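Visitor: These are the residues of each chain, in order.
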Amino acid sequence: MSEKITEKTFEEALARLEFIIAELEKGELNLDESLKLFEEGIALARHCNAKLDEAQGKVELLLGIEDGVAKTTTFQPEEESV
Amino acid sequence: MPEILTVSQVTLYIKRLLENDGVLQQVWVGGEISNFTLHSSGHMYFTLKDETSRLRAVMFWRENQSLKFRPYDGLEVIVSGRIGVYPKSGEYQLYVDFMEVAGMGSLYLAFEQLKERLAQEGLFAPERKKPIPRLPRKIGVITSSTGAAVRDIIKILHRRHARVNILVIPAQVQGETAPASLVAALQAAGRLPDLDLVIIGRGGGSAEELWAFNDEGVARAIAACPHPVISAVGHETDFTIADLVADLRAPTPSGAAELSVPEVDELRNRIKLCTDNLNALFSRLCARKRAQIERLAFHPVLRHPDRVILARRQQVDEGKEELVDRMLAALEERRKELRRKMEQLAMVNPLAVLNRGYSLCFRETDGRLVREAAEVARGDFLRITFRRGRLRTVVEEVEEEVTT
Chain A
432 MSEKITEKTF EEALARLEFI IAELEKGELN LDESLKLFEE GIALARHCNA
482 KLDEAQGKVE LLLGIEDGVA KTTTFQPEEE SV
Chain B
2 MPEILTVSQV TLYIKRLLEN DGVLQQVWVG GEISNFTLHS SGHMYFTLKD
52 ETSRLRAVMF WRENQSLKFR PYDGLEVIVS GRIGVYPKSG EYQLYVDFME
102 VAGMGSLYLA FEQLKERLAQ EGLFAPERKK PIPRLPRKIG VITSSTGAAV
152 RDIIKILHRR HARVNILVIP AQVQGETAPA SLVAALQAAG RLPDLDLVII
202 GRGGGSAEEL WAFNDEGVAR AIAACPHPVI SAVGHETDFT IADLVADLRA
252 PTPSGAAELS VPEVDELRNR IKLCTDNLNA LFSRLCARKR AQIERLAFHP
302 VLRHPDRVIL ARRQQVDEGK EELVDRMLAA LEERRKELRR KMEQLAMVNP
352 LAVLNRGYSL CFRETDGRLV REAAEVARGD FLRITFRRGR LRTVVEEVEE
402 EVTT
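From first to last, the protein sequence lines are chains A and B.
Heads up: the first sequence begins at 432 in our numbering, then just goes up one per residue.
Heads up: the second sequence begins at 2 in our numbering, then just goes up one per residue.
If we strip away everything but chain B, and leave its shape as in the complex, we get (with noise of 0.2 Å):
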């Protein structure tokens, strides 16, 4: 009767001989990644593939957190662990403890990954990015405090705008503990209000000395800077997701100093042509307008006011002269209707006979016009009248039938 085994035995066994396989403990595999999960505990399973067979594998929480890339489908990649078998399902798989992109290198798969995620949540849209201010009167600088960068903003800066405040948030640029240096750094000027613009950034090196700007969080820090930030890191053609976050991208740090001040020379050059505009047209204004008093004043009414009032007075003399020769045709006028009057009054004057040398007669005894000689006789007396003066006389002697 041969031995009969538990399922659990003949697992164990299979487990026991497999694990204590010195090539199968310490293995390199590489191949195709299918099947890929991310378990919510954070476990990666997955199924490692090439032409003709399968290997099932696994990478837990603990040893996947140093990945900087995600794994994906149909991804080659080149893996480290040991094999173990999994009791429950009576299956062996290969537990890795180290994964690294065949081909293109898992530190540009980790980048573009990053980028790719930044840049769906929108951290690089251009409508985020602040506005540079044109004249910042604080610039903080983040870098190391020992570094060539340092020194060439610093330089750069004060020959653009001498008068320019900086202060340098040291941070580490390289190596392991960059990162979270670079992020305390950002932090640090984001609780400073009185910085108007930060600038961070390092030298040129190899890829994986500038990789801590390529890190994440640091990513992430720009973007919450509450300054604007300007990134200065390497030398022109590295592009990093620092660049990409920054709200404005210098090629070097020199450069980022000549981005984030003026030329101050040039600017005050630009006021004092200002002013000088400003003083030209105020002159040409102020003797434009004194031209037009000038003018105004020369007018020959203000010039000889005694013209206007003589020229008055020659008309109130010729309305004068008038006045007194109306006056005097009116009176010569009456005048002579008063004369036509007293001619006519005249005629009819019984007195004014004597005017024209005739003299009235009268009786001396009654007083009686003597109309004929009749009515009187020889020795009566008479009385004649004249246009002036009478005399008495007596009548010597009495024609009656004479006529004149």
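Just chain A, with the same shape it has in the complex (with noise of 0.2 Å):
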């Protein structure tokens, strides 16, 4: 574990949680590594889901840059015209 979970990005994340259970399914480790495993498997499952909830689901239309921070307004798409 040479960078902190936090850092990871999703696909790192889910990556690794999934070559953790490949390895704990081998049953090759002894106790003391098993338990680190899973420590950093719960870890890693949580940061995925935390990156799941991490955006709004805000839409928003850019009016401009200004001084390099975008102007936006809430966008709502128009219905389709039957």
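Each statement offered as a hint is correct.
Straight-line Cα separation of at most 25 Å, PhoX-like style, residue types lysine-lysine; simulated pairs:
| # | chain 1 | residue 1 | chain 2 | residue 2 |
| --- | --- | --- | --- | --- |
| 1 | A | K489 | B | K156 |
| 2 | B | K131 | B | K116 |
| 3 | A | K439 | B | K273 |
| 4 | B | K290 | A | K467 |
| 5 | A | K435 | B | K273 |
| 6 | B | K337 | B | K321 |
| 7 | A | K439 | B | K130 |
| 8 | B | K16 | B | K89 |
| 9 | A | K467 | B | K273 |
| 10 | B | K50 | B | K69 |
| 11 | A | K489 | B | K139 |
| 12 | A | K435 | B | K139 |
| 13 | B | K139 | A | K502 |
| 14 | A | K457 | B | K273 |
| 15 | A | K467 | A | K457 |
| 16 | A | K502 | B | K156 |
| 17 | A | K435 | A | K467 |
| 18 | A | K439 | B | K139 |
| 19 | B | K290 | A | K457 |
| 20 | A | K439 | A | K467 |
| 21 | A | K439 | A | K489 |
| 22 | A | K439 | B | K131 |
| 23 | B | K139 | B | K156 |
| 24 | B | K130 | B | K116 |
| 25 | B | K89 | B | K50 |
Ranges between beta-carbon positions, derived for each pair:
| # | chain 1 | residue 1 | chain 2 | residue 2 | range |
| --- | --- | --- | --- | --- | --- |
| 26 | B | R308 | A | L460 | 35 to 41 Å |
| 27 | B | P301 | A | L460 | 27 to 33 Å |
| 28 | B | A225 | A | E456 | 44 to 50 Å |
| 29 | A | R477 | B | A225 | 35 to 41 Å |
| 30 | A | K457 | B | R296 | 20 to 26 Å |
| 31 | B | A225 | A | E464 | 44 to 50 Å |
| 32 | A | E442 | B | Y46 | 54 to 60 Å |
| 33 | A | D484 | B | R304 | 50 to 56 Å |
| 34 | B | E210 | A | R477 | 46 to 52 Å |
Computed list of chain A residues with no C-beta within reach of chain B, every gap over 10 Å:
| # | residue |
| --- | --- |
| 35 | K435 |
| 36 | I436 |
| 37 | T437 |
| 38 | E438 |
| 39 | K467 |
Quick caveat, the hints were computed from the structure, so don't treat them as lab data.
Because the structure is a prediction, the values reported are computed rather than measured.
Heads up, the beta-carbon is just placed ideally off N, CA and C, and yes, glycines get one too.
Could you fit the two chains together into a complex? Lean on the hints.
Guide: This is the structure in structure tokens:
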């Protein structure tokens, strides 16, 4: 575990989580190593879920960029005209 | 004497003649381009030819700016222009103001040429394609803010991942100003570091309506965009330059939305599956270790520690008995030894005979041991010593010859 879990991207975290499960399923590790991996696995799963919850689902329309800051307004697409 | 004209006068006369001809001043000519040269000034010089004739032609920079394709030798074209005379060389030539490719069409040629040029520059190379993030937080959508495309994209993005943030960057997607508008939108997207991904596109349309997505400037702006770009132009079969230069090509705007975010429900299920697996593995490991511990805990040694002590005590007892036995044996040995020694001693002890029933007889007068009867006389006093005690006696008779 060279880098912190919270710094991992979603992809990295999920890949690591699946790797850990595969390792544990082999059952070749001693108790201490296993427990360490369990702990990491739970943290990774938590991190993945947090990543999924990160955004808020906002929809905005870009009006312009002033001094590097985006000016936006809430955007509601027009309803389909029948 | 006929009038003698100068070269200039003749040339000027011809020039006026030709340049005042109604037909020659607005003429359409079809032919094959040869000897094409693009001068450093930007002007194009070439010859139009058919089976039997050749016509010199020039297309100045101002006119050829609007050309989407680059003319080349052998290309069949239809041009329009006027015939003029270039006095310096005394040659007439066609001043071209419009050129169209015969047969396949100019747009197609322009498309093919741009495609080839950008391909040679490596803009379509797979190795320069940026990976599409699996879970973008914020997606920039460059398209018309009023079209069906933006509606479809938002709908599908939110159906798959309700929490993804969307920033619509409005742009014109068709018409003369569309390329500049798309380039500006791409540059704006590039200045917003919080975007994880950009979708650029529009719904389907005719080749002309989609043409902005074949613009060189748009292609270069897509290539220059720091974010991964998914192109979504038209319906299924239309391939544009933008599609080729984008990091990922989606056949439609809806398709782009599907490619840019995962089904979050599916991901959550996968994570849940992982967590369940982890928990199951954990329980299994704990159970296994616990069983190990129990097996050890029920080992007789741990269950009845007193038995061990008893066994040891028995050992001690046995040891002790043996020790005592050995000591007794050793003592007995010593005792026997002593007895033997004492017996030996007794053998040599003069008094020992007393024990066997003998007694010693001393003359009272001088205390000498009497060995023979002749040593005493009648009436002498004798002392006789026994094993225990002694007595004093008087000799009544001496019998010298008696043997015992």
